[in-house]
Amino acid sequence: MRSRYSAYVLGLEGYLLETWHPDYRPANLGLADELPAKWLELEIKRHEASDESSAIVEFVAKYKLGGKAYRLHEISRFSRLDGRWLYLDGELKT
Numbered sequence: 223m224r225s226r227y228s229a230y231v232l233g234l235e236g237y238l239l240e241t242w243h244p245d246y247r248p249a250n251l252g253l254a255d256e257l258p259a260k261w262l263e264l265e266i267k268r269h270e271a272s273d274e275s276s277a278i279v280e281f282v283a284k285y286k287l288g289g290k291a292y293r294l295h296e297i298s299r300f301s302r303l304d305g306r307w308l309y310l311d312g313e314l315k316t
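Each residue of the sequence shown is one higher than the one before, counting from 223 in this note's numbering.
Just so you know, these hints were derived from the structure itself, not from any lab. Just so we're clear, the structure is a prediction, and the values are computed from it rather than from any experiment. Where a beta carbon is used, it is the ideal one built from N, C-alpha and C, also for glycine. All clues given are correct.
Now the in silico label distances, taken between C-beta atoms and shown as ranges:
id	residue 1	residue 2	range
1	Asp245	Glu274	17 to 23 Å
2	Lys315	Leu262	17 to 23 Å
3	Glu265	Leu234	17 to 23 Å
Keeping only pairs whose Cα atoms sit at most 25 Å apart, straight-line, the calculated DSS-like set for lysine-lysine is:
id	residue 1	residue 2
4	Lys286	Lys267
5	Lys290	Lys260
6	Lys290	Lys267
7	Lys315	Lys284
8	Lys284	Lys260
9	Lys290	Lys315
10	Lys260	Lys286
11	Lys267	Lys315
12	Lys315	Lys286
Produce the complete structure using the sequences and hints provided.
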């Protein structure tokens, strides 16, 4: 999760797609087409391994977009494939 957050901070769309499970991966993210966010903070709230190949991570990421502050609260699902943890999807929390 931390490496994916860092990739968002640095705008590394290729890395984000590479660490997304192939069954769930979008064709692209379009980060270059969006107004750039200024990522401020990542807080990992909890992480739980369901078994050796699946886990969840709950996090809050704070950022600014166009001078306005936002927070992204998500519970993300990850799966281990060929020894690598890959992002599946996430449920946004309010």
